[in-house]
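Colleague: These are the residues of each chain, in order.
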Amino acid sequence: MIDSTNWAAVYPEMLLLGLTGLIALFDLAVKTPLRGATHRLSLLTLALVAALEFIHAANGETVYAFGGMVVNDTMGALLKGFAAVAMMATLIYGRAYAGARDMLRGGELFTLSLYALGGMFVMISGHHFLVTYLGLELLTLPGYALVALRRDDLRSTEAAMKYFVLGSLASGFLLYGLSLVYGATGSLDLAAVQEAIASGHLDRQVLMLGMVFVVAGLAFKLGVVPFHMWVADVYHGAPTAVTLMIGGAPKLAAFAIVMRLLVEGLLPLVWHWQQMLIVLAVASLLIGNLAAVAQTNFKRMLAFSTIAQMGFVLLSFASGVVGQDGNNMSAAYSSAMFYVITYVLTTLATFGVIMLLSREGFESEEISDLAGLNQRSPLYAGVLTACMFSLAGVPPLVGFYAKFSVLQSLLNAGGGVYIGLTVFAVLMSMVGAFYYLRVVKVMYFDAPTQTEPVVAGFDVRLVLGINGALVLGLGLLPGGLMTLCDQAILALWH
Amino acid sequence: MGLLSLAIWTPIAFGVVLLAMGSDKREAAAVRWLALLGAVVGLAVTVPLYTGFDASTAAMQFAEKILWIPAFNVNYHLGIDGISLWLVLLTAFINVIVVLAGWEVIQERVNQYLGAFLILSGLMIGVFTAQDAMLFYVFFEATLIPMYLIIGIWGGPNKIYAAFKFFLYTLLGSLLMLVALIYLYNVSGGSFDLATWYQLPLAAKPQTLLFFAFFAAFAVKVPMWPVHTWLPDVHVEAPTGGSAVLAAIMLKLGAYGFLRFSLPIAPDASHQWAGFMVGLSLVAVVYVGLVAMVQQDMKKLVAYSSVAHMGFVSLGFFLFNDLSVSGAIVQMIAHGFVSAAMFLGIGVLYDRVHSREIASYGGVVNTMPKFAAFALLFTMANCGLPGTAGFVGEWMVILGAVKANFWVGMIAASALIFGAAYSLWMFKRVYLGPVGNDDVKALLDINGREFLVMALLAAMVLYMGIYPKPFTDVMNVSVAELLKHVAVSKLP
Numbered sequence: 000m001i002d003s004t005n006w007a008a009v010y011p012e013m014l015l016l017g018l019t020g021l022i023a024l025f026d027l028a029v030k031t032p033l034r035g036a037t038h039r040l041s042l043l044t045l046a047l048v049a050a051l052e053f054i055h056a057a058n059g060e061t062v063y064a065f066g067g068m069v070v071n072d073t074m075g076a077l078l079k080g081f082a083a084v085a086m087m088a089t090l091i092y093g094r095a096y097a098g099a100r101d102m103l104r105g106g107e108l109f110t111l112s113l114y115a116l117g118g119m120f121v122m123i124s125g126h127h128f129l130v131t132y133l134g135l136e137l138l139t140l141p142g143y144a145l146v147a148l149r150r151d152d153l154r155s156t157e158a159a160m161k162y163f164v165l166g167s168l169a170s171g172f173l174l175y176g177l178s179l180v181y182g183a184t185g186s187l188d189l190a191a192v193q194e195a196i197a198s199g200h201l202d203r204q205v206l207m208l209g210m211v212f213v214v215a216g217l218a219f220k221l222g223v224v225p226f227h228m229w230v231a232d233v234y235h236g237a238p239t240a241v242t243l244m245i246g247g248a249p250k251l252a253a254f255a256i257v258m259r260l261l262v263e264g265l266l267p268l269v270w271h272w273q274q275m276l277i278v279l280a281v282a283s284l285l286i287g288n289l290a291a292v293a294q295t296n297f298k299r300m301l302a303f304s305t306i307a308q309m310g311f312v313l314l315s316f317a318s319g320v321v322g323q324d325g326n327n328m329s330a331a332y333s334s335a336m337f338y339v340i341t342y343v344l345t346t347l348a349t350f351g352v353i354m355l356l357s358r359e360g361f362e363s364e365e366i367s368d369l370a371g372l373n374q375r376s377p378l379y380a381g382v383l384t385a386c387m388f389s390l391a392g393v394p395p396l397v398g399f400y401a402k403f404s405v406l407q408s409l410l411n412a413g414g415g416v417y418i419g420l421t422v423f424a425v426l427m428s429m430v431g432a433f434y435y436l437r438v439v440k441v442m443y444f445d446a447p448t449q450t451e452p453v454v455a456g457f458d459v460r461l462v463l464g465i466n467g468a469l470v471l472g473l474g475l476l477p478g479g480l481m482t483l484c485d486q487a488i489l490a491l492w493h
Numbered sequence: 000m001g002l003l004s005l006a007i008w009t010p011i012a013f014g015v016v017l018l019a020m021g022s023d024k025r026e027a028a029a030v031r032w033l034a035l036l037g038a039v040v041g042l043a044v045t046v047p048l049y050t051g052f053d054a055s056t057a058a059m060q061f062a063e064k065i066l067w068i069p070a071f072n073v074n075y076h077l078g079i080d081g082i083s084l085w086l087v088l089l090t091a092f093i094n095v096i097v098v099l100a101g102w103e104v105i106q107e108r109v110n111q112y113l114g115a116f117l118i119l120s121g122l123m124i125g126v127f128t129a130q131d132a133m134l135f136y137v138f139f140e141a142t143l144i145p146m147y148l149i150i151g152i153w154g155g156p157n158k159i160y161a162a163f164k165f166f167l168y169t170l171l172g173s174l175l176m177l178v179a180l181i182y183l184y185n186v187s188g189g190s191f192d193l194a195t196w197y198q199l200p201l202a203a204k205p206q207t208l209l210f211f212a213f214f215a216a217f218a219v220k221v222p223m224w225p226v227h228t229w230l231p232d233v234h235v236e237a238p239t240g241g242s243a244v245l246a247a248i249m250l251k252l253g254a255y256g257f258l259r260f261s262l263p264i265a266p267d268a269s270h271q272w273a274g275f276m277v278g279l280s281l282v283a284v285v286y287v288g289l290v291a292m293v294q295q296d297m298k299k300l301v302a303y304s305s306v307a308h309m310g311f312v313s314l315g316f317f318l319f320n321d322l323s324v325s326g327a328i329v330q331m332i333a334h335g336f337v338s339a340a341m342f343l344g345i346g347v348l349y350d351r352v353h354s355r356e357i358a359s360y361g362g363v364v365n366t367m368p369k370f371a372a373f374a375l376l377f378t379m380a381n382c383g384l385p386g387t388a389g390f391v392g393e394w395m396v397i398l399g400a401v402k403a404n405f406w407v408g409m410i411a412a413s414a415l416i417f418g419a420a421y422s423l424w425m426f427k428r429v430y431l432g433p434v435g436n437d438d439v440k441a442l443l444d445i446n447g448r449e450f451l452v453m454a455l456l457a458a459m460v461l462y463m464g465i466y467p468k469p470f471t472d473v474m475n476v477s478v479a480e481l482l483k484h485v486a487v488s489k490l491p
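Just so you know, the sequences run in chain order R and G. Quick note on numbering that gives the first Met the number 0: the first sequence kicks off at 0 and runs consecutively. Quick note on numbering that gives the first Met the number 0: the second sequence kicks off at 0 and runs consecutively.
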């Protein structure tokens, strides 16, 4: 453990913060309606930061900073790199959409997104309950503003209000939980908390209460049942570019804080929080999937499908430790990491296509708006089809391997409960397949209701093409990413 | 790149190129010829598999093995033995036929139609050659995607219902199999290698559970009674080519699965539940045969007759003697040719009259003599007349059944009567007698392309019926080896 400040460990974060500040200033001088210069500078910043993080991940070092309050390890660096890349794709997909909706009068979309990314970085790197909490707030505050970016739009403002109120409530839960944990253990440092709990000399009742609140707060942020009420409305109400900002990259950070708080901090209580996660996961799979079937709005459907997908992630978190045996931990958590990364990849392309199909004054939101997309544009229909089959978990698309590795870790945990959970998860994937297939059906089997050609800038076409190719390509060759996740998780125990 | 990889990836590569070509109508001719080229090259690369095949060993030949997913020790492991050889050839052959059969019938989105079939064909060859369970599963499931699109885009009026029924029905079965595969991975100490799993000792209860997980996947695919109900609905709505591939190849994926998974991995459970399987098969043979007889729709009739014929296949497998198992495999191949021919024949009529109802026809022989001659041959093959492909497999299975149990053989043999009844009765109502109506009067006999399709299939049906030795010789050793393995208990 290094006691010094060690600025070197956080230089990507510092760089991101500094450059974002500069961009915010620079943007004042930008006059073009689509804010091309701001856009390009933001992408450059993101690319730079992503490169730095990937280089760090390749080095495989674990460095601590600020007396152990911040850590930059392989898992963190990888997740931050992917988050930056995801944010790049979000901005590229979202710019034309935002421009057509009067959201680019100022450069807030770019700067707030970059600040939100800074929040994600802090969440991912935080090795201290309070730092993690600060990161979370840094992520969600720009988020509230972004949802309300179309301030004259009734639905957006309503969504922002809901997001703000429920988000604050969740933060309150989390903070209260953290304070109880602090009260019980006398520390907020992850390692110290873990030691204190393991030593056993503390008030277990207070500690358990704290843990319950922490889990509830996390569940709120992940959007899992029964803390899912905000998800559908926010996904639906927010401008699609912002929906992607909220539903894409932050999932990587959400995975990281579950890892940090529950696995690294509260590991001695694993038996208790696993029970809670199982309940949350089962409820999410059930309600998310069943509610998604009934949706006619594509964004709402995706919101409920997200709830179900997060249920899958929680299942793998719940299968790490069986009895006293932690052999399955690496497999379980790396499968969760793989799941989240591939889920974000797929979500990006999905929303990318939705924004592509939206034009000025027309939101392509209903599933029926996709009718006959195959005739209008076989390429984008193909990309969206790949995404849908991937989310449904059909090989040879990447989502299949995500589901497969989660199921593998569940079955490996052994025992009747886990076999039951596996079969339940499989049955719920069946339900999921139905509504994903329905989207494909609308695109391929229905006659087009609109005939306008789908126009897109070169950058959008390029990134969307790569994104779609990755959904398929990582399905054909998933080995590399799986190994990366394995190594990242293994590095945590050393 | 090995021969098997070529056989898999050649059609897929051509299919991808076709998808990229765009659905412009002016390019349709180029698209068709390119698709035909792809299918023919795909067939050509499978020929060395037959000529270079060593029938004296049961070992996997033309093996290729590359580490594919290190995290789960999954290998890209291909290989064929005498059981899979002809299924691979059949798949590549039917692919050529289907491309030809869809030539001018399909006018909408030609490139996607042909591309989907080429990709599908490569994936199905992958299923027949995979020696790694994960690879098998990926190919097995991936076939659902092109078939779903084929049914849904080019199908009949109720195509959407059919496409969903097809996808979800088969998905449920295979997801349960996935759980079984993961279970085997965990208990075998982290391997998806089939050969390793064959040697794995398993207690009675896991074997039974595994057996039923595999049953869920494969029985739905075969399909066995009572989970066959999706097949008639799907056949009726699918385009002609889709029906042909579905009946000729996709059903065999399920039957093949029984041979590669259920029998060798859970031999004790297979023996324990053999009576159950034989019972279901006999119900398929007899009851579904009777159901076929009362159908008014030609495609439905042939679909039910497929279920009955596939009943012979599952019957043969679970009698565990070499005659019945070889017979069942021969029946798989024969049914591949015959059912494809039957569906393509219905397609010929449907393209002209746009009706599948038997009642819409009558006396077709008067206006389409050449076609009626082919149809007669295929009808005879469908009822298992000696000298046609349909006879060989059924006869072997019946002999095997009599060897195992006289009454089973007796009931199975009755299928020949029902088969003759529904096939000939349909032939009589559609083709014979006076010209039924104006539609029939206006019919034009088959053109050169259709003649070629029919002639190729007729040649195979006759060849297999008259000289089945090339088909049975290659599989003898592999079947004997399989049965030897299944006879040994795996209980610890």
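Please keep in mind that the hints were generated in silico from the structure rather than gathered at the bench. From a predicted model like this one, the values you see are computed outputs, not experimental measurements. We put the CB at the ideal spot given by N, CA and C, even for glycine. It is possible that some hints are incorrect.
Said to hold, decoys possible - Listing some non-contacts, in silico: residues in chain R with all C-beta distances to chain G over 10 Å:
{"no.": "1", "residue": "Ala-8"}
{"no.": "2", "residue": "Tyr-10"}
{"no.": "3", "residue": "Met-275"}
{"no.": "4", "residue": "Asn-373"}
{"no.": "5", "residue": "Leu-410"}
{"no.": "6", "residue": "Val-422"}
{"no.": "7", "residue": "Leu-436"}
{"no.": "8", "residue": "Lys-440"}
As the list claims (entries may be wrong) - Short, incomplete list of chain R residues facing chain G, as computed with Cβ under 10 Å:
{"no.": "9", "residue": "Tyr-63"}
{"no.": "10", "residue": "Leu-406"}
{"no.": "11", "residue": "Pro-447"}
{"no.": "12", "residue": "Cys-484"}
Colleague: All hints, please: hold or fail.
Modeller: Here is what the structure says about each hint:
With a closest Cβ-Cβ approach of about 29 Å to chain G, Ala-8/R is found to remain outside the 10 Å limit, as its non-interface label requires. Residue placement check: Tyr-10/R keeps its beta carbon more than 10 Å from all beta carbons of chain G (closest about 31 Å). Listed as a non-interface residue, Met-275/R keeps its Cβ farther than 10 Å from every Cβ of chain G; the least gap is roughly 25 Å. Non-interface status of Asn-373/R relative to chain G is broken: a Cβ of that chain comes within 10 Å, the nearest being about 8 Å off.
A cut-off of 10 Å between C-beta atoms contradicts the statement that Leu-410/R is not in contact with chain G; the least separation is 5 Å. Chain G draws Val-422/R into its interface by the beta-carbon criterion, the shortest separation being 7 Å against a cut-off of 10 Å. With 10 Å as the threshold on Cβ separation, the claim that Leu-436/R sits away from chain G is violated: the shortest Cβ distance comes to roughly 6 Å. Residue-level check failed: Lys-440/R sits 6 Å from the nearest beta carbon of chain G, not beyond 10 Å.
The beta carbon of Tyr-63/R is not positioned within 10 Å of any beta carbon in chain G (closest approach about 28 Å), and the interface hint is therefore violated. For the restraint placing Leu-406/R at the interface with chain G, the shortest Cβ-Cβ distance is roughly 6 Å, inside the 10 Å limit, so the hint holds. Because the smallest distance between the Cβ of Pro-447/R and any Cβ of chain G comes to about 12 Å, over 10 Å, the interface hint for this residue is violated. Using the Cβ-Cβ criterion of 10 Å, the hint placing Cys-484/R at the interface with chain G is satisfied: the shortest such distance is roughly 8 Å.
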